[in-house]
Amino acid sequence: MSLSNLIQNWDSFRKRRPYEDQYKDAPYKWAMVIDLDSCIGCNACTVACYAENNLAVVGKERFGKGQAMHWIRIERYWGEGEALETEFPERGAQYLPMLCQQCEAAPCEPVCPVGATHHSPDGLNTQVYNRCVGSRYCSANCPYKVRYFNWWNYPERAWPNPLELQLNPDVTVRSKGVMEKCTFCMQRLRAGQDKAKTAGRLLADGEVLTACAQACPTSAITFGNLADKNSKVARMWKNQQVDLAKNAQDKSEEGVRGYRILEDLNTYPSIVYLERLRNFAA
Amino acid sequence: MSKKAVTLALYADPDEAGNALRELRDCSVPGFKMDDVIIKSPIDHPELTELLNHRPVYIQLFTLLGVLLGPTTGLVLIASAQASFIYQTRGGRPIVPFPPDMVLTYELFILSGVLMTVISTFVAMKLPGNRSPLYNASVSEDKIGILVKAEAQNIPHIDEILRRHNPTEIKGDHSR
Amino acid sequence: MSTGNMDRRDFLRVLGISGAAATLAGCGHTSIESGVEEVMSYVQPQDFVVPGIGVFYSSTCTQCGSGCGIMGKVREGRVLKLEGNPESGISGGKICGLGQAGVQAHYNPDRLHTPMMNIEGGLVPISWERANQLLDEHFGTKSSLQGEQIAFLTGGVSGHQRVVLENFLESFGSTQHVCYDAISTATGRAASKTVLGAEQPLWNFSKARLILSFGSDFLGNGVSPVYMAREFAKFRKAPRGTLIQIEPRMTLTGGNADRWYPIKPGTEGILALGIAHDLLQHPEFSGKVPQEVLDLVKNYDRDAVSEVTGIGADAVRLIAAQLWNNTPSLVVAGPAVEGHAYGFSNAAAVQLLNVILGNRGNSLEGQSEHPFPQMTPTLGSYRALAELHKKMVSGNCQALLIHGTNPVFTSPTHLEFSEAMKKVPFKVALVTHIDETAGQCDLVLPLLSAMEDFGTHIAEYQPSGVELMLQQPLMEKLYPETKGFGDILLDVLKKRKPQEYAVFPDYYSYLKAAVLKAKPVFHSDEPDEHFWETALMNGVVKWEGKPTDLEAKMVPLEVPEPHGLTTDYPFYFVPSIRPDMRDGRHAYLPWLQESPETMTTVVWDSWVEIHPKTAAQMQIKEGDVLLLQSATGSIQAKAYIFPGIQPDTVSMPLGQGHTQMGRYASGVGANPYKILDPIFDAHTGELALHATRVAIRKTGENQKVVKDEGPTNLQNGQKLVATLSADQAKLAREI
Amino acid sequence: MSHNVHGHPQMDVQVERKFVPKVKDLGPDVNWAQINKDVLRSLEKPRPVFWIIFFSALALFSFGVYCEVYQYQNGMGVADLNNPQVWGLYIATFIFWIGMGHSGTLLSALLHIIHADWRKPIYRYSEAMTTFTLLTAALFVMVHMGRLWEFYYVVAYPNERWTWPNFTSPLVWDATAIGTYLTSSLLFLYMGMIPDLAICRDNAKGARRALYKFLSLGWQGTDRQWGNFKVAYMTMACFLMPLAVSVHSIVSTDFAVSQNPGWHVTSFPPYFVLGALYSGCSGIITLFIVLRYVFRFEAYMTQPILNKLIKMTFAIAMVWTYLDLIEYATTWYGSDEVAKADLLYRATGDYALQFWGMIFCAMVMPFTLLIRYVRHNYTVLLIISLILNVGMWLERFQIITPTFAKSHYPWTWTAGWWPSWVQWGIVAGSFGWFTMLFMLYCKIFPSVSMYEVKEMVHEQNLEGKAMAHANPESEQAPVGLLEGGQA
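Protein chains in written order, with this note's numbering: chain R, 1 to 282; chain A, 283 to 458; chain H, 459 to 1193; chain Y, 1194 to 1680.
Any given hint might turn out to be false.
On the chain Y side, residues computed to face chain R include the following (Cβ under 8 Å) [what the hints assert, rightly or not]:
(1) Phe1243
(2) Gly1339
(3) Thr1607
(4) Trp1611
Simulated restraints, written as ranges between beta carbons of each label pair [claimed, not checked]:
(5) Thr86/R / Leu1546/Y: 33 to 41 Å
(6) Leu1546/Y / Asp11/R: 37 to 45 Å
(7) Thr992/H / Pro155/R: 36 to 44 Å
(8) Glu156/R / Ala1180/H: 38 to 46 Å
(9) Gly1081/H / Asp11/R: 56 to 64 Å
(10) Leu1563/Y / Asp317/A: 53 to 61 Å
(11) Pro155/R / Tyr1345/Y: 54 to 62 Å
Hints listed in this document are in silico derivations from the structure and should not be mistaken for laboratory results.
Ideal Cβ placement from N, Cα and C applies to all residues, glycine included.
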């Protein structure tokens, strides 16, 4: 049976991704655009993520050891080089919301020994908690370092009664020894997709948002379905000349400011960042 | 067939043992064949084994079988497993990727080769098995034993040949 | 139900409505709504309860005074998450981190479950019978308290809570509703009122081409951060406006500036006058500017200003030119401007720029008129606390009720508020969790959390018209012994004025009656029930209003130079206000403790920000424990090397250093309020938060600074945050 | 009782040719019965220092077990691992042990194939070393795992959910390769030991006899058994050679196929294989000296053999040094700025001490092997062989920690990350575990191959006879043996 499966579908098994029009016939391919000119670094997304995804508060000592569990973090840079160019950060700070980039060719995926992390048909890099054995190879190979390991049995201390009543029943509370990461609020996508399917339609643009995108006061995060050519996200990608299947983007149009982080590592991320703008005349 | 009996001669010097074997080979005891001679020695003595009739070793055939079948079966199993595990899309790699599968096939090639070799060796060596009653512990120390199986009535004749080459000891089990 | 013999005018006063005509309607309520607990099986669930399906209920966020409409996701009878309510013109469906953490205030493991009473110096749990008995003794009909003997100390209060609270005081003949805010903007509001004619004008970011902000962190913790952030995002779209920020310590807003200038603390007014001086050179102004103003700015030429402020003469020229070329602009002032002995003049000088630039009517307008003057938010000030303090010390204050503020923690050492508390014979705290102030009270009453209580709120900043925000329980109360704020006051009022209040079984029915009474104000002719249900469902009732005109005038002022640094105290001390911690009232929320302060990424701690240059001179490394010594006192905190600060300045965030605020806040960091010098704004009497001077001493100890950033905060050549020149971007073409 | 005094030379020798007396690996005319006696004695009465070593190892191991239990109960957090530093000492030590395991079997097989007879007295314990280092390395895979209790997910076993391990993961290649290697090495070791087990069986009493009887499977040394045995043994050796090379190449792919700077290096597989051989060889030297002393193997573990071992170690060390330097050179010359920065960081950053420590221990120290005094003074040699392995351990530390500390993403760089006591405890425990198992093995099984030493003596004598025949005037002076120092 499996052998015949192998022979019949040989071509699809030998296909390397991403390729042009990979999601042409797929109903969904989730993607994001983060406008760094709109991001004000307020941390609303971070807290929203804690609330939505049952992220553990680890406390000062463990945070200090580098064992924090923030799936989305606001990075604040002062400069692009290796040293501050000016005495003061004259052009403000550089805020960067960093979350799992949901890479199409995710470096974390092929290295997992048990296949606990893999690519879903709708283009998400998913983590199966109960399959994870905790080898942490995915984290070692993630260039963005956005995978978070349960170094401790966080549920023991993170939600003293009655804080546990806040936990989102749609999201697993992870126990010690498993890797976790941003899921693009898969539970919301799942519920939305199911609802749409029952109604015999596809999800409309903006019908389901990730918690971070929903909270973001400046709407710097745009989330949507890249497979839908008319979705805002797809139009933004196109407008910014970013192609999912390319690792070096066409930047021919003037003023295009879309880019993907560490694209030269051939990770093909699903998140496009828009360059931060500064009025240098000011 | 008349009753078979066994006799064991122990030699301290491989040269003497060799001479004894040569004489056995050339002797004309009725019903006695070189196939009935078994050498027991603490180390391998190819120069003595040569004196026996050619005793072929078939192990490598099995090894060949192992290295042919093992990796092929392995590769097919791995590829079918990959094809059946529907969520195998990982890191943009093909679902059935060649380099990793080759690595694994290579390891299976060696593993099956080794295992087949070992299994066939034990079969060929008839191990595990029981030692013959005439086993003498000194063949694992420094003596070379020549064990001859022959018709009971020929045993004295053979013993005599063996005795001619300064054995340290001759033991016989004439009961059989 | 009937009105009985109640006076109609009284009734309207009771409900906080004036000028609206209405008849009374029934005050029916269901068992669920009034909080009568029933155990129901999910096999046969109540209406709207579908096991496994989350339902959103509208409410109002009470984490700060912005009055954002929120929605609570409720599932299986418990609230899980808060989202912004798209119906609300303030939040527009968005929410900040502080607001999100509201659920943690509700589910906090350190919530107060039962009434507590101070017995021999310690709080011990008591029953409500005993608590009511105590309340009755002091505030019941037999109470001898009169007039100024009773005071109610709160933070910002609005809506019907304010009405009930003030009616409660009025029943004693007292008007002592003391509203204290440790990060009060009273000085700035006063200056704005004087110059622009409004305490808090409307900022039309959409009309402004350039925002010049003097230390205003409007994105982080201004008057309405979520609304401002939403507006700011639009401001950044085509045609993209420019933000110039001038402040001694980079705030979150400063981090978003196109150009950021560090300025010597307290010289913002001088810089403003310097810019004004430059602007008034334009011939368009000749003859249109009062001579006093011209006289005022005369001495503030670029070089003089540059010398005092530390901002280069070229920069002054550039800022003035930018302002001139990008009209309308918007000039805003923040705490960094106000917190000085002449903060009023400072802020007024900044506001003067708006007048000169003619921003009035463009980027600046007055908020619409208000249909509910009784329900507008009371805005706190330090001065109010200081005046109360005097009464407490003199023994005039016999009973003090405290709600929503923590003066023992936030008042400066020199006020000696704790000592004054001892002079008040009966102190009642109405709180959801014990804090430093509640710890010193005689009776502590456990309140329902914001997720459990009813209420109405009206925000200080109303972007369009006026929104009456409704707060409703998102779930049954967690602890049976807790009680609503309104209910507690109403119970007392029912005893004192039964003829007026006995008709209301509880605060809910009071609130419903009151809102329905206001129905005509909203020009609604819907049936009462429908109006009420819709209001609850939307979480907001909108009153259409128009922006009003501002009466701006060029006021002559005197802006002195700040008192200089001395060898004893060679650094300016600038306390910073964290968007999530504010004055420290939110320090007990673990999400906020663990959420890195954006500029430094430090968590769970206090720290001292020092410019790298200064740190190098003093050989201070990150993590060196520093002793900050002011004339008033000293505290210790770890050094954090921070480039976004004026080099003669050190800064420390407010909000940490709690001693008695539950497991998440207690023992974390240090409290900078305690080293603030007794310097007050000459005009308003507000405590000058930014006027303290300190000396720094290394203690020799070095501790790890727990923060999110690694050993580098630079991109090291990776394209992480790329920056494009704004003139190259084609924002108009973007989607 | 010697049986090789008499007889005639078997070889045809050209009479004209003059033989220079060769350095003999063993002394002349070692008595076969004495070989049995000497080796069997090692199973009974080692020097008392054996017990000191054994119990020290047991103590270390117990502490390691304590640390592991503590970690198992509380989570990996006790190891002070964190987001970028996800692997720490566990993987570094894992590679170290895997590497140690390489020389034993590889050398045994290689030297067997090329008929280098001097392997015979030392191959047995080397193979045992391989087996036990592999077992130790396997421990680290377990220790490292966040959910140890689910370790079997890595194994490909059919199940109703149709889930399989991820065959694209280098860790699965690792598991397969190490599994194959462990199986094959163990079989190779066992196979080679059967004739010796028969000897033990013939001499032991009581429970030991039962054990040996069971394990020797009834070996009687018949010509048929020997014939098959020799073929099988050679065949296995031929498999083990490439296998050993593949195993450490595959271990290197754990790093080489990843994205991280300093790992993404083409020369990693040979570099790892050579590193493995290097540390393995110095491990063999260490154990050579220890066993020689503890079990009184002076007659078999002789200076000429040691000299050969040292020469080989030195050669391997030099190849490894070359590969290490060429790795730096290509990185430096290349245009991968991140990798370059990582290299600079290794040499000058928080872990510079470890880096230069590695350079000193593993690159400079081998040169001391050129000194005759060092080769002949066993105490000094013991210390140097240990230093070489410290260097190789540091090399593994160097691969893991600085790369994580400074990889592609600046935000998550760490400064001066250091493992917690739990990690050190488990690493120390692993040394205890290995030493304990190894010592136990030597106490139970013959750690010098008796039958092969006999073969060696046999051949040496044949050779001697041939030489005496060809070159009658020269004395059989066993040159090498006389220089042997005493430990």
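So, going through the hints one by one against the coordinates:
1. Phe1243: Since chain R brings no Cβ nearer than about 38 Å to Phe1243/Y, farther than 8 Å, the hint is violated.
2. Gly1339: With Cβ-Cβ at 2 Å, under 8 Å, it holds.
3. Thr1607: Check passed: Cβ of Thr1607/Y comes within 6 Å of chain R, closer than 8 Å.
4. Trp1611: It is violated, given that the least Cβ distance between Trp1611/Y and chain R is near 11 Å, above 8 Å.
5. Thr86/R / Leu1546/Y: 33 to 41 Å: For Thr86/R and Leu1546/Y the Cβ distance comes to about 35 Å; the hint holds.
6. Leu1546/Y / Asp11/R: 37 to 45 Å: violated, 55 Å
7. Thr992/H / Pro155/R: 36 to 44 Å: Holds - the Cβ-Cβ distance for Thr992/H and Pro155/R, about 41 Å, lies within 36 to 44 Å.
8. Glu156/R / Ala1180/H: 38 to 46 Å: holds, 42 Å
9. Gly1081/H / Asp11/R: 56 to 64 Å: holds, 59 Å
10. Leu1563/Y / Asp317/A: 53 to 61 Å: The hint (53 to 61 Å, Cβ to Cβ) holds, given that Leu1563/Y and Asp317/A are roughly 57 Å apart.
11. Pro155/R / Tyr1345/Y: 54 to 62 Å: violated, 25 Å
Consistency note: the structure conflicts with the earlier hints numbered 1, 4, 6, 11.
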